[in-house]
Structure formats: C-alpha cells, structure tokens
Amino acid sequence: MKIAHHPDTATLMAYAAGTLDEAFAVAVSCHLEVCDECRNSVRWAAALGGGFLCEETGTTPLSEGAFGRLLERISATSETPHTAPDRVSLAGDGVTRGTPRALSGYLDTDLELIRWKRIGPGVWQKPISLSPGASSSLRLLRIAPGRGVPEHGHGGQEITLILSGAYRDEIGYFGPGDVADLDEHVEHKPQVVSDEDCICLAATEKPTRFKGIAGRLLQPFVGI
Amino acid sequence: MFIPSATIPERGMNANADLAQSHRALIGRIAEHRDKDAFAELFDWYAPRVKAMLVKQCGSSEMAEDIMQDVFLTVWLKAGQFASSKGAVSTWIFTIARNRRIDVFRKQSSWHYVGIGEMEFPDEAPESADVLLSGEQDSLVAQAAATLPEEMREVIHLAFVEEKSQSQIAGELGIPLGTVKSRTRRAFEKIKQQLEGVL
Ligand SMILES: [Zn+2]
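Heads up: the sequence lines are chains F and L, in that order. Under numbering that gives the first Met the number 0, the first residue of the first sequence is numbered 0, with each subsequent residue one higher. Under numbering that gives the first Met the number 0, the first residue of the second sequence is numbered 0, with each subsequent residue one higher.
Bear in mind the hints are in silico, worked out from the structure with no lab data behind them. Quick caveat: nothing in here was measured; it's all calculated off a predicted structure. Honestly, I wouldn't trust all of these hints.
[What the hints assert, rightly or not] Below, a list of computed lysine-lysine pairs in the BS3-like style, where the Cα atoms sit at most 27 angstroms apart: (1) Lys191(L) - Lys1(F); (2) Lys125(F) - Lys188(F); (3) Lys1(F) - Lys188(F); (4) Lys85(L) - Lys191(L); (5) Lys35(L) - Lys189(L); (6) Lys1(F) - Lys35(L).
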C-alpha cells in the first residue's frame with residue numbers, strides 16, 4: 000500500500016528540530032514508522048541541525064573538570080556499551096502492524112483492546128494523556144462506515160494519522176499510514192468509506208470550532 | 000614523514016568533509032577499542048558546542064552542562080551502535096542532544112513521562128534504494144544551508160539552534176505563521192535540489 004498523504008515538509012523540519020509539541024510529535028513518529036520517504040526527509044533535516052551544531056552554534060566554556068566527571072560517571076554506570084543496533088522493524092509500505100511503537104507507551108493496552116467511549120452516533124474516542132506541560136492534545140477516534148465527522152474549521156494545526164480503515168474528504172482518499180496535516184484555514188468534512196471502522200490518531204492544538212447545529216451539539220462530547 | 004599522495008582521497012578535500020571523516024574515525028576507535036583518548040578528542044570538539052546550543056535552548060548554564068554530560072554518556076555507550084550506521088557524527092550528536100533535552104523537559108513537568116526521545120530510528124539497510132547520507136554528504140547539507148537566502152536561513156536557524164517553534168518564530172519575526180512554514184519548506188526544497196546535483 001502506497002502512502003499518498005504525508006506531513007507538511009515544515010512539520011517534518013519542526014520534528015527534526017525537536018520543536019513540535021508532544022501530540023504532534025507522537026503522530027508524526029507513528030507516520031515515520033511506516034514511511035521511508037518522510038524518514039529520509041527527517042534525516043536530511045537532522046543533518047541541518049548537525050551542520051548548525053558544528054558551524055554556527057559557537058562554543059560555551061565547560062565547567063572545570065567536566066571531562067573527568069564524565070569519566071567517573073562512565074566507570075560508575077552499570078550500563079554496558081551497546082554494540083548491536085536496537086533494530087526496530089519499520090515498514091515502508093504504509094501498513095501499520097499492530098500498535099505503532101510511538102503510541103504504545105501511551106496506551107495501557109493494545110489498539111484492539113481499547114475501551115472506547117461513545118461520543119455520538121457511530122463515533123467513539125479514547126483520549127490519550129500527555130505530559131501536563133503539553134499544549135496539544137491527542138486522541139484516538141473510531142468512526143463507523145458511512146459516518147462523518149461534522150464539518151469544522153480548525154483552531155490551529157491538526158494532524159490526523161489513519162491507523163486502519165479509510166475516509167474521504169475534499170482533499171482526497173486517506174488510508175492507513177496517510178496523514179492529514181491541516182492548518183486553521185482548511186475546512187474539511189471526512190466521511191468514512193471503508194467497510195470497517197476507521198481508526199485514526201488525531202493531534203490538535205486548540206479546541207476545534209464545529210459548525211452547524213449538529214456540530215454545536217456534538218462539540219462538548221467530541222471535544223476536537 | 001612521507002605520505003604517499005595516493006592515500007589522499009580524491010573527493011572530500013574540503014575541510015568540512017575532512018572533519019566529518021576524522022570524527023567518524025574517532026567514533027570507530029571508541030566503538031572498537033573503548034579508546035578514551037579518542038573520546039576525549041571528540042568531547043573537546045563537540046561538548047562546548049553542545050553546551051552552547053543547550054544554553055540557548057534551556058537558558059540555564061547548569062542545566063545545559065547536565066544535559067551535555069548525559070549526551071556524552073550516551074555517545075560513549077552507543078558509539079558501537081552508531082559505528083555500523085552511515086550517518087554523520089554531527090547529525091547523531093545533534094539528535095542525541097535534541098532527544099535528551101526533550102526527555103528532560105517532559106520529565107520535569109511530571110512523573111507521567113513516556114520517552115518519545117527513544118524514537119530514534121536506526122538507519123535503513125544500505126541496500127535500500129533510498130538516499131543515504133554518509134558523513135561527507137551530511138557536511139554538504141550544512142554547506143548548502145549556508146548558501147540559503149537570509150530570510151530562509153533565519154527561520155531554520157531559529158528552529159534548529161534556538162529550538163523555537165514555528166509559532167514562536169512567527170511572533171519573534173513579526174510575520175504570519177504561514178510565512179514561517181513556507182520559508183521552511185522552501186529552505187528544505189532548495190537544499191534538496193542543490194544536493195541532488197551532487198549526490
Ligand atoms: Zn510520509
């Protein structure tokens with residue numbers, strides 16, 4: 000399966016710089032697990048960071064005896080040097096196998112065993128708690144076939160990663176591994192087109208403004 | 000001492016690439032022989048730079064020094080792992096410092112911490128057809144960055160060196176967020192274009 004929709008290049012650059020807020024960083028990480036192309040982009044971007052580090056950051060004098068203290072820590076540590084790479088099996092074909100690694104640490108169970116909370120007809124969610132300092136929020140959404148999320152404008156950036164199933168909106172068809180990386184100017188109305196429920200991971204910045212009466216009714220429950 | 004000219008590589012005669020190669024050689028010595036002299040040499044070159052970057056990002060010299068110490072402990076422990084990859088040492092150390100800084104800040108905020116910093120991707124197998132950056136190629140990335148128009152350089156410099164988010168950069172420069180994003184995108188595309196001719 001080929002991934003058709005990737006995070007914005009600017010988002011990948013921010014990921015490489017380490018400046019994305021937690022929810023977005025998790026969503027992007029999950030995409031990177033299944034996308035060779037974006038992994039390469041992030042590597043290029045990190046090389047920029049390496050270049051800046053070498054040539055532009057300048058130097059700050061270290062405290063007295065810094066290297067000596069480091070050697071003491073090395074001899075005190077019980078950790079032995081790693082030799083073999085920590086291989087993570089990464090796919091390049093957009094297929095998510097089980098729970099994405101970047102997400103698994105945040106869940107107390109596997110994706111299949113999640114206890115969903117119904118928030119509307121054919122729509123369920125599972126909020127994911129992040130560090131209290133996070134200024135973004137992360138949730139899993141499960142939407143039944145044929146169902147849509149009410150049309151909404153975005154109150155900031157929103158990144159949605161499809162984990163299973165598929166939806167279609169004004170932008171196109173979104174299947175597993177695809178990412179919708181939208182800013183506040185985009186309005187869309189996704190409709191689930193797969194036979195199975197569509198499960199996606201949604202990172203948002205601020206509460207979304209739902210439009211229309213149904214949307215207004217749903218907003219307190221959905222909270223996206 | 001007589002050095003046969005044949006040992007001087009044809010390519011990579013520029014100072015950046017030479018530096019990148021010598022850093023890789025140091026990593027090799029650390030990985031294979033746990034060579035503390037090589038480690039000291041690498042530390043002397045990188046530690047004041049890592050600290051300088053962290054001071055900008057954390058605002059505290061003490062915290063920067065602590066994180067820098069953690070970074071080099073990781074360098075020592077993982078040199079063997081890194082040695083088998085193709086990346087540049089500078090990129091690797093930048094990534095370790097970035098991850099450690101994120102970890103420390105999340106840990107500070109609460110006990111409920113999950114290590115997204117551990118999301119370090121191993122290099123793909125060399126047989127993959129994708130573009131792979133060798134140490135030398137990474138230094139070309141830095142050179143390409145140096146030729147970017149000032150307005151593009153500025154936004155990526157603020158992001159990578161000062162760890163500013165795109166909204167913070169927009170606020171600081173008094174430009175719309177969309178402009179920060181489009182400059183970032185164009186910077187990336189320009190660098191990629193330049194390198195496609197070389198790689
Ligand atoms: Zn991608």
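These are the hints, each one checked on the structure:
1. Taking the CA atoms of Lys191(L) and Lys1(F), the gap is near 23 angstroms; set against the 27 angstroms cutoff, the hint holds.
2. The hinted pair formed by Lys125(F) and Lys188(F) meets the criterion: a straight-line CA distance of about 21 angstroms does not exceed 27 angstroms.
3. Using a Cα cut-off of 27 angstroms, the hinted pair Lys1(F) and Lys188(F) holds, with the two alpha carbons roughly 23 angstroms apart.
4. For the proposed pair Lys85(L) and Lys191(L), the alpha carbon gap of about 19 angstroms is at most 27 angstroms, so the pair holds.
5. A C-alpha spacing of about 40 angstroms is found between Lys35(L) and Lys189(L), which places the hinted pair above 27 angstroms, so the restraint is violated.
6. About 47 angstroms separates the Cα atoms of Lys1(F) and Lys35(L), which puts this hinted pair outside 27 angstroms; it is violated.
Checked against the numbered hints given earlier, this structure breaks hints 5 and 6; the rest are met.
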